[in-house]
Amino acid sequence: MAYVSLETPGKVARTTPPNFIRKVRPAHLRHLLSARAIDIDDVDEFCEAAQAYECGLAPASVSAGKTVALLFFQPSTRTRIGFEAATVALGCHSIGMEDMTASRSNARTAESLEDCAAVISRLCDILVVRHHENGAADRMAAKSQVPVINAGDGWNEHPTQALIDIFAMRRGLGTIAGRSIAFGGDPRGRTVRSLVQLLRFEAPKEIVFCPPPHHDVPADVLSAVGENQIRCRIIADIEHALCDCDAIMMAPYDMSDIGEPAASGYVSPQTTPDTHVITAEKIERTGSKALLYHPLPRQDEIDPSCDDLPNAMYFEQVRLSKFMRMAVLDRALAAK
Amino acid sequence: MAYVSLETPGKVARTTPPNFIRKVRPAHLRHLLSARAIDIDDVDEFCEAAQAYECGLAPASVSAGKTVALLFFQPSTRTRIGFEAATVALGCHSIGMEDMTASRSNARTAESLEDCAAVISRLCDILVVRHHENGAADRMAAKSQVPVINAGDGWNEHPTQALIDIFAMRRGLGTIAGRSIAFGGDPRGRTVRSLVQLLRFEAPKEIVFCPPPHHDVPADVLSAVGENQIRCRIIADIEHALCDCDAIMMAPYDMSDIGEPAASGYVSPQTTPDTHVITAEKIERTGSKALLYHPLPRQDEIDPSCDDLPNAMYFEQVRLSKFMRMAVLDRALAAK
Amino acid sequence: MAYVSLETPGKVARTTPPNFIRKVRPAHLRHLLSARAIDIDDVDEFCEAAQAYECGLAPASVSAGKTVALLFFQPSTRTRIGFEAATVALGCHSIGMEDMTASRSNARTAESLEDCAAVISRLCDILVVRHHENGAADRMAAKSQVPVINAGDGWNEHPTQALIDIFAMRRGLGTIAGRSIAFGGDPRGRTVRSLVQLLRFEAPKEIVFCPPPHHDVPADVLSAVGENQIRCRIIADIEHALCDCDAIMMAPYDMSDIGEPAASGYVSPQTTPDTHVITAEKIERTGSKALLYHPLPRQDEIDPSCDDLPNAMYFEQVRLSKFMRMAVLDRALAAK
Numbered sequence: 422m423a424y425v426s427l428e429t430p431g432k433v434a435r436t437t438p439p440n441f442i443r444k445v446r447p448a449h450l451r452h453l454l455s456a457r458a459i460d461i462d463d464v465d466e467f468c469e470a471a472q473a474y475e476c477g478l479a480p481a482s483v484s485a486g487k488t489v490a491l492l493f494f495q496p497s498t499r500t501r502i503g504f505e506a507a508t509v510a511l512g513c514h515s516i517g518m519e520d521m522t523a524s525r526s527n528a529r530t531a532e533s534l535e536d537c538a539a540v541i542s543r544l545c546d547i548l549v550v551r552h553h554e555n556g557a558a559d560r561m562a563a564k565s566q567v568p569v570i571n572a573g574d575g576w577n578e579h580p581t582q583a584l585i586d587i588f589a590m591r592r593g594l595g596t597i598a599g600r601s602i603a604f605g606g607d608p609r610g611r612t613v614r615s616l617v618q619l620l621r622f623e624a625p626k627e628i629v630f631c632p633p634p635h636h637d638v639p640a641d642v643l644s645a646v647g648e649n650q651i652r653c654r655i656i657a658d659i660e661h662a663l664c665d666c667d668a669i670m671m672a673p674y675d676m677s678d679i680g681e682p683a684a685s686g687y688v689s690p691q692t693t694p695d696t697h698v699i700t701a702e703k704i705e706r707t708g709s710k711a712l713l714y715h716p717l718p719r720q721d722e723i724d725p726s727c728d729d730l731p732n733a734m735y736f737e738q739v740r741l742s743k744f745m746r747m748a749v750l751d752r753a754l755a756a757k
Numbered sequence: 422m423a424y425v426s427l428e429t430p431g432k433v434a435r436t437t438p439p440n441f442i443r444k445v446r447p448a449h450l451r452h453l454l455s456a457r458a459i460d461i462d463d464v465d466e467f468c469e470a471a472q473a474y475e476c477g478l479a480p481a482s483v484s485a486g487k488t489v490a491l492l493f494f495q496p497s498t499r500t501r502i503g504f505e506a507a508t509v510a511l512g513c514h515s516i517g518m519e520d521m522t523a524s525r526s527n528a529r530t531a532e533s534l535e536d537c538a539a540v541i542s543r544l545c546d547i548l549v550v551r552h553h554e555n556g557a558a559d560r561m562a563a564k565s566q567v568p569v570i571n572a573g574d575g576w577n578e579h580p581t582q583a584l585i586d587i588f589a590m591r592r593g594l595g596t597i598a599g600r601s602i603a604f605g606g607d608p609r610g611r612t613v614r615s616l617v618q619l620l621r622f623e624a625p626k627e628i629v630f631c632p633p634p635h636h637d638v639p640a641d642v643l644s645a646v647g648e649n650q651i652r653c654r655i656i657a658d659i660e661h662a663l664c665d666c667d668a669i670m671m672a673p674y675d676m677s678d679i680g681e682p683a684a685s686g687y688v689s690p691q692t693t694p695d696t697h698v699i700t701a702e703k704i705e706r707t708g709s710k711a712l713l714y715h716p717l718p719r720q721d722e723i724d725p726s727c728d729d730l731p732n733a734m735y736f737e738q739v740r741l742s743k744f745m746r747m748a749v750l751d752r753a754l755a756a757k
Numbered sequence: 422m423a424y425v426s427l428e429t430p431g432k433v434a435r436t437t438p439p440n441f442i443r444k445v446r447p448a449h450l451r452h453l454l455s456a457r458a459i460d461i462d463d464v465d466e467f468c469e470a471a472q473a474y475e476c477g478l479a480p481a482s483v484s485a486g487k488t489v490a491l492l493f494f495q496p497s498t499r500t501r502i503g504f505e506a507a508t509v510a511l512g513c514h515s516i517g518m519e520d521m522t523a524s525r526s527n528a529r530t531a532e533s534l535e536d537c538a539a540v541i542s543r544l545c546d547i548l549v550v551r552h553h554e555n556g557a558a559d560r561m562a563a564k565s566q567v568p569v570i571n572a573g574d575g576w577n578e579h580p581t582q583a584l585i586d587i588f589a590m591r592r593g594l595g596t597i598a599g600r601s602i603a604f605g606g607d608p609r610g611r612t613v614r615s616l617v618q619l620l621r622f623e624a625p626k627e628i629v630f631c632p633p634p635h636h637d638v639p640a641d642v643l644s645a646v647g648e649n650q651i652r653c654r655i656i657a658d659i660e661h662a663l664c665d666c667d668a669i670m671m672a673p674y675d676m677s678d679i680g681e682p683a684a685s686g687y688v689s690p691q692t693t694p695d696t697h698v699i700t701a702e703k704i705e706r707t708g709s710k711a712l713l714y715h716p717l718p719r720q721d722e723i724d725p726s727c728d729d730l731p732n733a734m735y736f737e738q739v740r741l742s743k744f745m746r747m748a749v750l751d752r753a754l755a756a757k
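Residue numbers (my numbering), protein chains in the order written: chain A, 422 to 757; chain B, 422 to 757; chain C, 422 to 757.
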């Protein structure tokens, strides 16, 4: 991608610690299925492109006029609308289903995800997929004629959200290198798994988890942190993160419903204990400068009293998301 | 707005009776939440713009390329599709959800309307909102970064429908001034409340209500009529309106479901007593020249036998709606 | 239509047998409601236009900028997304509802199909309708101000699918004339009824049905075949079709749910007996060269083991569908 050269405010030096594994970049990165397949050059390139779009400095997209299929088998507001907004901003067209569970590509007529991919990929230039099953995007990619973007698959991954999070953290912190990054709420979510993969390259000082007592941090998440020699701590009260950390990525306290089909009716518990809630009172009392991020939607883990504080970055994170999604779509479409 | 100058057929003189309250127009009318915030100059301006769009005489819209988010938390056909058609005709792009109750911005994950507005307003240029709760659009406007259009909130208001109604009545009657305007059906609906606000400026001779016996005309609707010294009558049989009135704005006989969530399953009674039904037979027998309007959908209160009579204005009203919605969107987008 | 002249690979000579009824072509073919209203010249013209779109040789569409309303009262993936993709490719805009059962044009508020057509046709340039009731598209056409395309009505017809099928069969077989064409699966479906109408003009050697034992081929389908003196056979095992036929149009084994409202919850049986299933093993064992078509979605009647065989035409059929839908939309919009 030949984007206009820009000094990215939050861009870290590309000289990463020698123990970071540098993957050989495939000639045509067609799909974006997992944050594991993204390396530091990718992240830098995506962030530079996103910033160019934000500033209106990006060249005319090669993607203009292409067709983006949005296939959401699981409800979504911001991811779906964010991809739609990015599609429009690139001069592309979105087609698809906002609720694929109402289409014939579901259990009722038993069409497989593979057939759905084979079919729809013959009618568009890219597939953006959200599904409640782990590995759904991989299964569709195996049969798709066009690139597939994983917009969240069950408990597994949400790589575009992770790119957005990195972009927004670099913006807020200047650099993530040497900083202490906390995760509040359910550590089992797909956004945590994807973000930790990308944080490996950012050389943070430490990663701190503040999980609910009944949900352990998944072993693969802990090992991703450990294998990159990033310090890792578990804390029991989010107030410790407010005192000690530079940024806190919050999530709902219990996301047990994330792997449920839309029609299951299962609703996760919705009351977060005070030890895992951030309020303006706690921020003011502790004098915390920690920046607050959240993939949203929130439940009660960040009190609305925080919204007007300078700590609150979660709505700015949404604004930035459009530019990152433009970068993701444009690169995948250009690869076609 | 510098629209091409046009003689609007149904336009009333701007010299309104001195007892009409003339509000100071805000510098930037960002939101369109209530018909109460619209004055006679607004109405004239909207009608002129709508007519310019109808005639193809409007200048290239300043809105072209902007993004309109359609957020429908309550089912809709014509309002939703009408706004989509207007969006397309302005060269804008629509994004959003046709059924927001299926998105994550709902009770299932407990995202507030405020957060929904904060989020989506960072991804688009305007929000168009329908919701089953009174005041939903106001709540979203409080947190939105962009203008909010109320496309119907519970029992409260539906201001764009009222502008459409005025545009269509001026077109059909030449002028509303001095005319007798009747309301048939449930007088508690949001379209009645909004339209009565705008009728204040049009100087009708009288406003006649023909409500079901069990549903009173709301006090605030009656007082809006009264404070502008418009004569008001209640009648018990719609046939009296056919005989006496120049235009009849019909509505379903019982709209008790309008304040219900989409999933409630509540269905209003659907059989209208003969005293509140308009048929071709009644029109022919009475020789009525009354023009028939309806925000639609109708149930059985206007019999399809009326559809081909010259009295029937309700489908023409739909055709005109597109141009008024273009005017509303364009003005709100220009204000941004 | 003045399309670029092209040699259509699968085009049959226009000199059809003298016993084929040639209908006088209406000056303005506004609606596309039934394959019965399409004659051989129409089919040729549609196929030539579709091929011109495929090759990028079609002139700039007269339809660009027009608005296509997609009204799907019954769930759909490929038809809905196919029409969206075709709309975008023509430079048109799609509006509408992916699930009209969630709109107010449904039983809940009792709006008739006629009113829905009267309303929405005043806001767009063409209606594309799918519905679970036979005759729904005809009812809407009676009140529409713009052309109506039947995208599947209950058990009745699906004429655009039939055009796609002919286009794909001509492509695969070179010509349908003199070939043996089989139908596997439920013979009561709307795609069968529509396709048999169009096959009348193609002069196949014979039409072979392999229906489930409990569902007869509908009498009107058999008589359409018979009145054109096409040989007709019924077989009990799809393996006979693999041995004897040039092309097999498969369908699910039991489509009893096709006439059900979306909310009915009725699910057809989903296990197909081995006598009605095509597998790679059967193809290899019989050495069959029969080309496999399917309107999709499939259930288990074509095993995925067939997908990579040269016999499999069903995904290519999807790719071709976009160009045929462009041809259908463009002709209907040009007729307006």
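Hints in this document: simulated from the structure, not taken from any laboratory.
Be a bit skeptical, because a hint or two may be false.
It does not matter which identical chain is meant; a pair holds if it fits inside one copy or across any two.
Unchecked claim - Below, a list of computed lysine to any residue pairs in the SDA-like style, where the Cα atoms sit at most 20 angstroms apart:
no., residue 1, residue 2
1, Lys564, Ile655
2, Lys710, Arg451
3, Lys564, Ile461
4, Lys626, Ala563
5, Lys564, Asp460
6, Lys564, Ser533
7, Lys710, His661
8, Lys626, His636
9, Lys626, Arg706
10, Lys626, Leu594
11, Lys703, Arg451
12, Lys564, Asp462
13, Lys710, Asp678
14, Lys626, Val638
15, Lys703, Asp463
16, Lys564, Pro639
17, Lys710, Arg592
Cross-check of the supplied hints:
1. Lys564 <-> Ile655: For Lys564 and Ile655, the Cα distance exceeds 20 angstroms both inside one copy (41 angstroms) and across copies (35 angstroms).
2. Lys710 <-> Arg451: neither (40 angstroms within a copy, 34 angstroms between copies)
3. Lys564 <-> Ile461: The answer is neither: 28 angstroms in one copy and 36 angstroms across copies each exceed 20 angstroms.
4. Lys626 <-> Ala563: neither (38 angstroms within a copy, 39 angstroms between copies)
5. Lys564 <-> Asp460: neither (25 angstroms within a copy, 37 angstroms between copies)
6. Lys564 <-> Ser533: within (11 angstroms within a copy, 38 angstroms between copies)
7. Lys710 <-> His661: within (12 angstroms within a copy, 71 angstroms between copies)
8. Lys626 <-> His636: neither (24 angstroms within a copy, 67 angstroms between copies)
9. Lys626 <-> Arg706: neither (25 angstroms within a copy, 64 angstroms between copies)
10. Lys626 <-> Leu594: Within. Shortest intra-copy distance 13 angstroms satisfies the 20 angstroms Cα cut-off; inter-copy 66 angstroms does not.
11. Lys703 <-> Arg451: Neither: 45 angstroms inside a chain and 35 angstroms across chains, both beyond 20 angstroms.
12. Lys564 <-> Asp462: neither (28 angstroms within a copy, 37 angstroms between copies)
13. Lys710 <-> Asp678: Classified as neither; 32 angstroms inside a copy, 49 angstroms across copies.
14. Lys626 <-> Val638: This pair counts as within: shortest intra-copy Cα distance 19 angstroms, inter-copy 67 angstroms.
15. Lys703 <-> Asp463: Classified as neither; 37 angstroms inside a copy, 47 angstroms across copies.
16. Lys564 <-> Pro639: Neither. Shortest intra-copy (30 angstroms) and inter-copy (36 angstroms) distances fail the 20 angstroms Cα cut-off.
17. Lys710 <-> Arg592: Only inside one copy: Lys710 and Arg592 sit 15 angstroms apart there, 61 angstroms across copies, limit 20 angstroms.
In summary, the structure is inconsistent with hints 1, 2, 3, 4, 5, 8, 9, 11, 12, 13, 15 and 16 from the numbered list given earlier, while agreeing with the others.
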